[in-house]
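Start from the sequences, fold in the hints, and give me the full structure.
There are 2 protein chains.
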Amino acid sequence: MSTPATPVELRELIRRQEWTRPTTGVCPGIIQANLVMMPEAAAFEFLLFCVRNPKPCPILDVLEPGAFEPGIAEGADLRSDLPRYRVFQNGEFRKEVEDVKDIFRDDMVSFLLGCSFSFENAMLAADLPIRNLEEGKNVSMYTTGIDCRAAGRFQSKMVVSMRPMTEAQAVRAVQVTTRFHLTHGAPVHLGDPEKIGIADLSRPDFGDAVTTAPGEIPVFWACGVTSQLAATSAPLPLVITHSPGHMFVSDLKDEDLTIL
Amino acid sequence: MSTPATPVELRELIRRQEWTRPTTGVCPGIIQANLVMMPEAAAFEFLLFCVRNPKPCPILDVLEPGAFEPGIAEGADLRSDLPRYRVFQNGEFRKEVEDVKDIFRDDMVSFLLGCSFSFENAMLAADLPIRNLEEGKNVSMYTTGIDCRAAGRFQSKMVVSMRPMTEAQAVRAVQVTTRFHLTHGAPVHLGDPEKIGIADLSRPDFGDAVTTAPGEIPVFWACGVTSQLAATSAPLPLVITHSPGHMFVSDLKDEDLTIL
Numbered sequence: 269m270s271t272p273a274t275p276v277e278l279r280e281l282i283r284r285q286e287w288t289r290p291t292t293g294v295c296p297g298i299i300q301a302n303l304v305m306m307p308e309a310a311a312f313e314f315l316l317f318c319v320r321n322p323k324p325c326p327i328l329d330v331l332e333p334g335a336f337e338p339g340i341a342e343g344a345d346l347r348s349d350l351p352r353y354r355v356f357q358n359g360e361f362r363k364e365v366e367d368v369k370d371i372f373r374d375d376m377v378s379f380l381l382g383c384s385f386s387f388e389n390a391m392l393a394a395d396l397p398i399r400n401l402e403e404g405k406n407v408s409m410y411t412t413g414i415d416c417r418a419a420g421r422f423q424s425k426m427v428v429s430m431r432p433m434t435e436a437q438a439v440r441a442v443q444v445t446t447r448f449h450l451t452h453g454a455p456v457h458l459g460d461p462e463k464i465g466i467a468d469l470s471r472p473d474f475g476d477a478v479t480t481a482p483g484e485i486p487v488f489w490a491c492g493v494t495s496q497l498a499a500t501s502a503p504l505p506l507v508i509t510h511s512p513g514h515m516f517v518s519d520l521k522d523e524d525l526t527i528l
Numbered sequence: 269m270s271t272p273a274t275p276v277e278l279r280e281l282i283r284r285q286e287w288t289r290p291t292t293g294v295c296p297g298i299i300q301a302n303l304v305m306m307p308e309a310a311a312f313e314f315l316l317f318c319v320r321n322p323k324p325c326p327i328l329d330v331l332e333p334g335a336f337e338p339g340i341a342e343g344a345d346l347r348s349d350l351p352r353y354r355v356f357q358n359g360e361f362r363k364e365v366e367d368v369k370d371i372f373r374d375d376m377v378s379f380l381l382g383c384s385f386s387f388e389n390a391m392l393a394a395d396l397p398i399r400n401l402e403e404g405k406n407v408s409m410y411t412t413g414i415d416c417r418a419a420g421r422f423q424s425k426m427v428v429s430m431r432p433m434t435e436a437q438a439v440r441a442v443q444v445t446t447r448f449h450l451t452h453g454a455p456v457h458l459g460d461p462e463k464i465g466i467a468d469l470s471r472p473d474f475g476d477a478v479t480t481a482p483g484e485i486p487v488f489w490a491c492g493v494t495s496q497l498a499a500t501s502a503p504l505p506l507v508i509t510h511s512p513g514h515m516f517v518s519d520l521k522d523e524d525l526t527i528l
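Listed in order, the protein sequences are those of chains A and P. At position 210 of the first sequence the residue is numbered 478 (the working numbering), and the sequence of numbers has no breaks. At position 213 of the second sequence the residue is numbered 481 (the working numbering), and the sequence of numbers has no breaks.
Just so you know, the hints here were simulated from the structure itself, not pulled from any lab data. The structure presented is a predicted model; accordingly, all values stated were derived computationally and were not measured. Hints may contain errors.
As the list claims (entries may be wrong) - A partial selection of chain A residues facing chain P, derived with a Cβ cut-off under 8 Å:
1. Leu316
2. Val319
3. Val330
4. Glu332
5. Gly420
6. Gln423
Said to hold, decoys possible - Derived CB-CB ranges, DEER-like:
7. Arg421(A) / Glu342(P): 19 to 25 Å
8. Thr479(P) / Leu528(A): 28 to 34 Å
9. Val442(A) / Glu342(P): 27 to 33 Å
10. Glu277(P) / Glu402(A): 52 to 58 Å
11. Val442(A) / Ala393(P): 20 to 26 Å
Unchecked claim - Just some of the chain A residues that point at chain P, by a computed CB distance under 8 Å:
12. Leu281
13. Ala311
14. Phe312
15. Leu315
16. Thr446
17. Ile527
18. Leu528
Note that beta-carbon positions come from the ideal geometry of N, C-alpha and C, so glycine has one too.
Shown next as structure tokens:
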């Protein structure tokens, strides 16, 4: 598989199931998104959850019930244009699939939420280290002890992603990522992992462990995986999400969503 | 009526109907909010409208159906703690009242949206002119030709507020207000009013006309009145809003909602 040059080319490959890998690093500078699909009957409460927790669940787009072409990618089909999906029934994980056209229902509402892949490009441009890219791994993610604000039936602890760097680099990273408020924005914590309920950095709850070099501290950003925990915290008949790392690649540029 | 020192004191005066005036200029540095209440059956679509139009309708808080104590003001009661309300039935304006306890229903969802009063304090601190305050008037507001993104049954043109200033002051105003993204943020337009469909600056659609001095240009910010037009664009059985200028005064400080 060669690397596609544009989001449209990538989504075509994915739709034909010729690209089933993670989307980390593809189409740099283009906004990627977390996906959550659920029945309309629960959509108001879930939208409320996202609104109340904008750092982990920044809303990029929400579609009308039954719609699958998002406003942020003309001609795309959310039922087939992600490399891999997770299917949950009654709150329990059932299977991973590469297409959900057969199970998508007319009452399903699709949520696209910001992803930290978007600010990694800006961090690299600022010569900040992204250890998981250096080591060819998935980013380290942890379930913290931080309670999100609940909404109706939905609740979750906040999940964070972690990137190790020096203190001076951490200051610069705060500056660089602040601009990207719709893709998690500034860090939620830096330094002592125990203060946010993380017992062991070498054992992430999602993704891979990475090396923290001498003189480096961990820096933590709110992570979109929080939305998956929240969406599956209630026993809904059907919830569909992307598979971690297998994001929806939009037509928006990172810069389209910066606040300054 | 003396000027109350704290939001709690102000809300108590309002609840006793001892303060029925606009809230412009009271409790400087404290976040004020637009209010929209509507039945739960339409709340998802209206929340979607706000999410899709964050400049005119920045979401500060959304309450569960039937709830009236907001998360941003402990002990407050949205049914009585605004100086004046507007009541709409089947999309038509019915009356203005000072309390809605008798008509509030268990299925009503309350939305609190950001208000530009919040950045006026920061503009004054930066020595930028706010002509309507100088002239003791309400801010000038206009319905533009700009279409908001529709959501379900809700649609609206964007309403803007206008403040005249020099070009150099306009540049500074962009910088100052950018920080306040949850209270309308940076301007949506500056200069030629006709470009956004405003025919005559001397005839605002809401509020009062103010003087534009020689050498000044109009600077336009998205305005929360947009949410009232949208909420009443569909013939819902009951919609309650604040009366223009008679906002909900929260416990949050302006600085609590800045992005940097």
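Verification of the supplied hints:
no.: 1; hint: Leu316; verdict: 6 Å, holds
no.: 2; hint: Val319; verdict: 5 Å, holds
no.: 3; hint: Val330; verdict: 6 Å, holds
no.: 4; hint: Glu332; verdict: 7 Å, holds
no.: 5; hint: Gly420; verdict: 7 Å, holds
no.: 6; hint: Gln423; verdict: 13 Å, violated
no.: 7; hint: Arg421(A) / Glu342(P): 19 to 25 Å; verdict: 24 Å, holds
no.: 8; hint: Thr479(P) / Leu528(A): 28 to 34 Å; verdict: 31 Å, holds
no.: 9; hint: Val442(A) / Glu342(P): 27 to 33 Å; verdict: 30 Å, holds
no.: 10; hint: Glu277(P) / Glu402(A): 52 to 58 Å; verdict: 56 Å, holds
no.: 11; hint: Val442(A) / Ala393(P): 20 to 26 Å; verdict: 24 Å, holds
no.: 12; hint: Leu281; verdict: 30 Å, violated
no.: 13; hint: Ala311; verdict: 5 Å, holds
no.: 14; hint: Phe312; verdict: 4 Å, holds
no.: 15; hint: Leu315; verdict: 5 Å, holds
no.: 16; hint: Thr446; verdict: 5 Å, holds
no.: 17; hint: Ile527; verdict: 5 Å, holds
no.: 18; hint: Leu528; verdict: 5 Å, holds
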